[in-house]
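Protein chains in written order, with my numbering: chain X, 30 to 380; chain S, 30 to 380; chain U, 30 to 380; chain D, 30 to 380.
Treat the hints as calculated values from the structure; they're not laboratory data.
Since the model is a prediction, treat every value here as computed from it, not as a measurement.
Heads up, a few of these hints could be off.
The list cannot tell twin chains apart, which means a pair is met if one copy fits it or any two copies do.
[Claimed, not checked] Heads up, simulated PhoX-like pairs for lysine-lysine below, C-alpha to C-alpha not over 20 angstroms straight-line:
{"#": "1", "residue 1": "Lys344", "residue 2": "Lys122"}
{"#": "2", "residue 1": "Lys281", "residue 2": "Lys220"}
{"#": "3", "residue 1": "Lys220", "residue 2": "Lys278"}
{"#": "4", "residue 1": "Lys344", "residue 2": "Lys281"}
As a plain string of letters, each chain reads:
Protein chains: 4
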Amino acid sequence: MSGNSFGTVFKVTTFGESHGAALGVIVDGMPAGIPVDKAFIDAEMARRRPGQSKLATARSEADQVEILSGVLDGVSLGTPIAMIIRNGDQHSKDYSALENIFRPGHADYGYHCKYGIRDVRGGGRSSGRETCARVAAGALAKMFLRSMGIDICAYAAEIGGVKAESFDFDVIEQNPARSPDLQAGELMAAKVAEAAANGDSVGGIVGCVVSGVPAGLGEPVFDKLDARLAYAMLGLGGVKGIEFGVGFKAAKLSGSENNDPMSAGFEFVTNNAGGILGGISTGEEIYFDLAVKPTPSISQEQETVNKAGENTVVKITGRHDPCIVPRIIPVVEAMTALVLADFVLLQRCAK
Amino acid sequence: MSGNSFGTVFKVTTFGESHGAALGVIVDGMPAGIPVDKAFIDAEMARRRPGQSKLATARSEADQVEILSGVLDGVSLGTPIAMIIRNGDQHSKDYSALENIFRPGHADYGYHCKYGIRDVRGGGRSSGRETCARVAAGALAKMFLRSMGIDICAYAAEIGGVKAESFDFDVIEQNPARSPDLQAGELMAAKVAEAAANGDSVGGIVGCVVSGVPAGLGEPVFDKLDARLAYAMLGLGGVKGIEFGVGFKAAKLSGSENNDPMSAGFEFVTNNAGGILGGISTGEEIYFDLAVKPTPSISQEQETVNKAGENTVVKITGRHDPCIVPRIIPVVEAMTALVLADFVLLQRCAK
Amino acid sequence: MSGNSFGTVFKVTTFGESHGAALGVIVDGMPAGIPVDKAFIDAEMARRRPGQSKLATARSEADQVEILSGVLDGVSLGTPIAMIIRNGDQHSKDYSALENIFRPGHADYGYHCKYGIRDVRGGGRSSGRETCARVAAGALAKMFLRSMGIDICAYAAEIGGVKAESFDFDVIEQNPARSPDLQAGELMAAKVAEAAANGDSVGGIVGCVVSGVPAGLGEPVFDKLDARLAYAMLGLGGVKGIEFGVGFKAAKLSGSENNDPMSAGFEFVTNNAGGILGGISTGEEIYFDLAVKPTPSISQEQETVNKAGENTVVKITGRHDPCIVPRIIPVVEAMTALVLADFVLLQRCAK
Amino acid sequence: MSGNSFGTVFKVTTFGESHGAALGVIVDGMPAGIPVDKAFIDAEMARRRPGQSKLATARSEADQVEILSGVLDGVSLGTPIAMIIRNGDQHSKDYSALENIFRPGHADYGYHCKYGIRDVRGGGRSSGRETCARVAAGALAKMFLRSMGIDICAYAAEIGGVKAESFDFDVIEQNPARSPDLQAGELMAAKVAEAAANGDSVGGIVGCVVSGVPAGLGEPVFDKLDARLAYAMLGLGGVKGIEFGVGFKAAKLSGSENNDPMSAGFEFVTNNAGGILGGISTGEEIYFDLAVKPTPSISQEQETVNKAGENTVVKITGRHDPCIVPRIIPVVEAMTALVLADFVLLQRCAK
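The following block holds chain X by itself, in its conformation from the complex:
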């Protein structure tokens, strides 16, 4: 139980180091009889794949998902669905230079203290590549949720200080920044390119909107819907904060400003709450924002220490996204889907 499982009834367990033989996931709890569209899984994987644009790393990973169990003739069996993604080029590079030092902004030192041993190749288990498995699992959850009319959409709300000002979700996949504002998307891309040219990186903010969620999902105390979403999102490397609805702005509002009045037909007049009250969905759109830090892997020289605790410098070479916002977007959607699929099933036991 080193924390590689997520969910209660719709439960996933992942494995895999960045440069090991493969990554993968077991999804245990997908109900039987749900159509599984392999092409949709592949499409989701393609969204996460690097090398799609100049904003992302050039590594040409195939990221082919192989379904090993739990699906027969395109329909789920109710048994665990295992999926693996082979790592094609795991022996392609010499990582020995990183064995002895701790990269700033990375988990290296913590891993060293925790396990006394680590796979330094590409970050090992702490690599962003680990999220492959989450996207594959999330694609299954999405298929289950879509059959109920629940839809999830994440996007770049801000990159390098440039904010999206308009929100047309149809244009998200049409620009490399995945901004819902095409014009802002161009400026975001320019900021990323500029940082890359300086051997640096930039951070940003990811927004996520979930529509079609019925009222009543979530559990009242520890397993609040927002608590589980926060758990899921802060479980993504690089995410440093989350806020639901008006979020941190709520700290500056009065109750009479912040409360969302209701009107005839169980409608909410406003949605400052972001679709969740007391940890339970209200039937309104759920929305939240995530703070994403700038990629820690930069090619500028940085001060750090080696295993002996002595001062040294490190200059990280190789392929690294100068901004992870565009690529984390499908992962955010995947994790959101896992949380909701779990609560949809748990709700079947509530009364």
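Keeping the supplied structure of chain X fixed, place chains S, U and D upon it in accordance with the hints.
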């Protein structure tokens, strides 16, 4: 499994409606042989208790904790420690006016959709009173952690737009706002009083600092240390956001600004990360901020609907904190303690 | 997580030492809207209570269950239901003689090695009194199951070598042995009385039959229905074995003898399997037998060692059932109910 | 959460249908720094593999384990260890004849009722082939346990009515029945051959002995050591009963006969308890017996029904072990190892 348990090895399960017979908690996983100081539990409960100042509700709850099991002669037995807190005045008021309507900003409508039945008295299970049980459990976790030199301190960083500018933790318990800045604390209190006079409420920001945490706590994927803390904190009613280290500001920084260099002796030169990298503690101070919304219970008239979905208005009477920041502070510390106690034990199995 | 929780969706967590302030349980996962009949809980507790007959200990425990949460106006709220049972006479005896020695047949030595500390009064957490909490929880599960037509009945199949030859479930509560065969019940009682007169004890076999279970309950791999029942039953102190259907006799049969043919209308011609195949219920009656060891507390002098590992003798005084079969019967039913309630809910998520 | 995970801290999750692409397992919780000997895993897999003797099916499965993650240079990383076993001949046969009928003694009907869909090829998820994954995981647990001196040995105690009379563990792997009594092993083999010749099958009893277990393992209430072992063993298809120590014989003993006296140096004079008292290990050898039913797949004609509930007959062709006792033995050891590895780690948190 309606989500009333928290933790893996140091595991707590709570129960209780606001106006039922009692609230309580079972702590399963406290190691044997730890001294249990009942006076410390009582002191923690007193910190959460209402009626301490004009910032908090006037209800004079005794909040006496009774330990029912798991402790003998002041030492933990290794068996589950159950604690209950009786609700003294559960029949004191007529709540029938609230049975048929949904209060804005509260979980009422979600509960109704979820269960088809709810205890309307004082909010039932969704009442802030539920956190009593968490504080009692957290006191046990704190005792366990203190024996290892881990210390947790939360405080009011902002209330009603007034920010703390200085951070003297010794003054926190000396002002009703629990601000680490005495002067700001007075201004905060004034803002709360002003809101109350208007039948309104205010929100704020709670900060939390954990010192003495060894490097290596947390699990690398879903159970990252920050993920579990976010899970714990968003599981508190009224918390709408969380950020670790520089948090949302990281979205505007470059990698070269945000990365924390290391120097000889495994020291970090800066701590933008807030003591956690890749989900694992770095040995630096852990710090995070929470967005706390203004109390939804206000005495102004609000628009809402009844069970039939018809428009109506509600005017909430009775005792309600016009700002929950001061009283949520010991609860934030308690939940932080529960997360850390769990990871301290899990780390015993890591290698 | 010292193992005091049981179940996945219908989950119970118990606490309490034999001579502490109280025992109790939190039932988390009872669906909302189920009628809760307190009188039925009391009746189940009364069945487990000692002092009912000469077969059981003379201790006159009140065993009053107090419901602290989760039930309003006789209906479950969907929130955790906490119940406690006070220990009336916890200070009545001097247990200091047992502090320094390990009683044969008891958990004393194991506890000592495990925790380095233990509550010696009446066995502490390892006392059979702990099962009070299970019976209270099981009563809730029974109420939930009965609304679906599932009924559970346990009985004394054998005591002190005397076997029940006829199986009239209506007479079980009419004889002190809880035998379904009145005549055998008298002989069983005589065997128990004889052992008691000799300062000794006897063991026996408990049978359990569950009717009304629909086909399809249980999960195919680790959480087979029989696996969970075995887990539940071997979790009872004094149970040393379990067999389903023809059980150990199956080891001597051929496949053609042991297989249960099916006939028109999905009927099974025989039920050697005991209602479970491949871990999943078949729709036939579930039945199993339990080996119950003779009570280890006997008043004869026994050889043992003290904490220093030196030879000594112990003569156990006080109230002890010379045979626990009659009193374990309601506990067996309770645990069976907990397992089935969990699987009934989990099945809602299977397709 | 359809029940494909086992364990708390040393946790395994399996997947795979008999004739799907692959079976496999994720072991999450293996401590970092443990040497992983791939040759030992292969040797354990070979012990379970069919086609070793005339007692077992002729299928020549390669059963090659591929380690996908969690191990680097022969040492565990602390991250999840995933292993897969490809199914070589999954398209080799026409199973359409079984699609419409329910085989007696199998899980077919239950699966149909549970999921409404099933993979009929070779039993799908309910196939004994599923235990491949358990043996691979168990091999890891065994390596971890052996470093602590804990050793597990299972054997054929009885097959087709022939009992082992002598217990030389060195001869177990020298006879096809895996009997610790070479002479009895020959008779067992003859019984199996005779049944096979008649198109029938036989059952038997598996014994298991664990040595080197320290006192203090197991948790006192629901997670008793024997409860978890029973859970593990009844989770194996074909196991219909379990007994610890003298087991069902204890039902006929008096307390003075059954209790195990202790003597100087914390030795137990006898071990009727089978090494577990009150759910906690005593430091003595743990031993238990399992009732294994005769293989339900027999080539004689059997009465059954089709999906429409109409009477029909089935004659099962193809490869099937006429007795599963020899092949279940390494699986029993594997599951025992998983239980013990979990408790060894949990014990690190007990005090």
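Going down the list of hints, with the structure as the test:
no., hint, in the structure
1, Lys344 <-> Lys122, "within (16 angstroms within a copy, 57 angstroms between copies)"
2, Lys281 <-> Lys220, "between (31 angstroms within a copy, 11 angstroms between copies)"
3, Lys220 <-> Lys278, "between (27 angstroms within a copy, 17 angstroms between copies)"
4, Lys344 <-> Lys281, "neither (42 angstroms within a copy, 23 angstroms between copies)"
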